[in-house]
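To convert, note that position 23 of the sequence shown is 90 in my numbering; the numbers rise steadily by one, no gaps.
Warning: the hint list may mix true and false statements.
[What the hints assert, rightly or not] Label pairs and their in silico Cβ distance ranges:
{"no.": "1", "residue 1": "S186", "residue 2": "T84", "range": "32 to 38 Å"}
{"no.": "2", "residue 1": "R183", "residue 2": "K95", "range": "19 to 25 Å"}
{"no.": "3", "residue 1": "Y174", "residue 2": "K90", "range": "23 to 29 Å"}
{"no.": "4", "residue 1": "D101", "residue 2": "G169", "range": "24 to 30 Å"}
{"no.": "5", "residue 1": "N103", "residue 2": "R183", "range": "14 to 20 Å"}
[Claimed, not checked] Listed next, the in silico SDA-like pairs over lysine to any residue satisfying Cα-Cα at most 20 Å (straight line):
{"no.": "6", "residue 1": "K133", "residue 2": "N106"}
{"no.": "7", "residue 1": "K90", "residue 2": "H139"}
{"no.": "8", "residue 1": "K129", "residue 2": "K97"}
{"no.": "9", "residue 1": "K111", "residue 2": "K129"}
{"no.": "10", "residue 1": "K133", "residue 2": "K94"}
{"no.": "11", "residue 1": "K111", "residue 2": "G164"}
{"no.": "12", "residue 1": "K90", "residue 2": "G134"}
{"no.": "13", "residue 1": "K72", "residue 2": "N106"}
{"no.": "14", "residue 1": "K111", "residue 2": "S138"}
{"no.": "15", "residue 1": "K133", "residue 2": "R153"}
{"no.": "16", "residue 1": "K133", "residue 2": "L76"}
{"no.": "17", "residue 1": "K133", "residue 2": "Y174"}
{"no.": "18", "residue 1": "K87", "residue 2": "D114"}
{"no.": "19", "residue 1": "K72", "residue 2": "G149"}
{"no.": "20", "residue 1": "K87", "residue 2": "G134"}
{"no.": "21", "residue 1": "K94", "residue 2": "H144"}
{"no.": "22", "residue 1": "K133", "residue 2": "N71"}
{"no.": "23", "residue 1": "K90", "residue 2": "H113"}
{"no.": "24", "residue 1": "K133", "residue 2": "G168"}
{"no.": "25", "residue 1": "K111", "residue 2": "S88"}
{"no.": "26", "residue 1": "K111", "residue 2": "T173"}
{"no.": "27", "residue 1": "K97", "residue 2": "N86"}
{"no.": "28", "residue 1": "K129", "residue 2": "H144"}
{"no.": "29", "residue 1": "K94", "residue 2": "A73"}
{"no.": "30", "residue 1": "K95", "residue 2": "G134"}
{"no.": "31", "residue 1": "K90", "residue 2": "R128"}
{"no.": "32", "residue 1": "K111", "residue 2": "G134"}
{"no.": "33", "residue 1": "K129", "residue 2": "D114"}
{"no.": "34", "residue 1": "K78", "residue 2": "E159"}
{"no.": "35", "residue 1": "K78", "residue 2": "K133"}
{"no.": "36", "residue 1": "K129", "residue 2": "G164"}
{"no.": "37", "residue 1": "K95", "residue 2": "H113"}
{"no.": "38", "residue 1": "K87", "residue 2": "D104"}
{"no.": "39", "residue 1": "K78", "residue 2": "K95"}
For the record, the hints were derived by calculation from the structure and aren't laboratory data.
Just so we're clear, the structure is a prediction, and the values are computed from it rather than from any experiment.
By construction, the Cβ of each residue, glycine as well, lies at the ideal position given by its N, Cα and C atoms.
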Amino acid sequence: MANNKALELLKSSDVDTFNKSVKERRKKGKRALDLNDQNLGGLKLHDVDLRDARMNGCNLRKTDLKGANLSHAGLRHADLRGADLRGANLSEANLTGTVLGGALLTYASLSGAILREVSLSEAYLAGAVAGEKATHTM
Numbered sequence: 068m069a070n071n072k073a074l075e076l077l078k079s080s081d082v083d084t085f086n087k088s089v090k091e092r093r094k095k096g097k098r099a100l101d102l103n104d105q106n107l108g109g110l111k112l113h114d115v116d117l118r119d120a121r122m123n124g125c126n127l128r129k130t131d132l133k134g135a136n137l138s139h140a141g142l143r144h145a146d147l148r149g150a151d152l153r154g155a156n157l158s159e160a161n162l163t164g165t166v167l168g169g170a171l172l173t174y175a176s177l178s179g180a181i182l183r184e185v186s187l188s189e190a191y192l193a194g195a196v197a198g199e200k201a202t203h204t205m
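Kindly generate the complete structure, drawing on both the sequences and the hints.
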């Protein structure tokens, strides 16, 4: 799947078709999807499969990412202010410099995530699991 097609599916909030396309992409040996610096703010992306995606510098403000799989994703310097990440899998994700102010991270998995220089002001973290391998500095 071309990255332009992936972006089109995401912007239309067609998560089912996007996830099927990603699955086919992986079968062909292609893993990382390049979505660096894209504007995905405000989209409804429940249960989207973005594991291994490169999303550095993305605008994900107020994006609904409930139950999303963002494991191993590159989210350096992404803007996730006000995003709904309840139950999301962010394990092993690189969140260096990410802004998570006001984000809902209830029951999100941050196990092994890189959390250097992350802004968590007013983020809701009840039930979030960081695990022993998470790296955090502010």
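Now for the hints, and whether the structure bears them out:
no. : hint                     : in the structure
1   : S186 to T84: 32 to 38 Å  : 33 Å, holds
2   : R183 to K95: 19 to 25 Å  : 33 Å, violated
3   : Y174 to K90: 23 to 29 Å  : 25 Å, holds
4   : D101 to G169: 24 to 30 Å : 27 Å, holds
5   : N103 to R183: 14 to 20 Å : 19 Å, holds
6   : K133 to N106             : 18 Å, holds
7   : K90 to H139              : 16 Å, holds
8   : K129 to K97              : 29 Å, violated
9   : K111 to K129             : 9 Å, holds
10  : K133 to K94              : 25 Å, violated
11  : K111 to G164             : 24 Å, violated
12  : K90 to G134              : 17 Å, holds
13  : K72 to N106              : 15 Å, holds
14  : K111 to S138             : 19 Å, holds
15  : K133 to R153             : 5 Å, holds
16  : K133 to L76              : 17 Å, holds
17  : K133 to Y174             : 10 Å, holds
18  : K87 to D114              : 12 Å, holds
19  : K72 to G149              : 26 Å, violated
20  : K87 to G134              : 16 Å, holds
21  : K94 to H144              : 30 Å, violated
22  : K133 to N71              : 23 Å, violated
23  : K90 to H113              : 17 Å, holds
24  : K133 to G168             : 16 Å, holds
25  : K111 to S88              : 18 Å, holds
26  : K111 to T173             : 17 Å, holds
27  : K97 to N86               : 14 Å, holds
28  : K129 to H144             : 16 Å, holds
29  : K94 to A73               : 16 Å, holds
30  : K95 to G134              : 25 Å, violated
31  : K90 to R128              : 26 Å, violated
32  : K111 to G134             : 11 Å, holds
33  : K129 to D114             : 15 Å, holds
34  : K78 to E159              : 25 Å, violated
35  : K78 to K133              : 16 Å, holds
36  : K129 to G164             : 18 Å, holds
37  : K95 to H113              : 25 Å, violated
38  : K87 to D104              : 23 Å, violated
39  : K78 to K95               : 24 Å, violated
In summary, the numbered hints that this structure violates are 2, 8, 10, 11, 19, 21, 22, 30, 31, 34, 37, 38 and 39.
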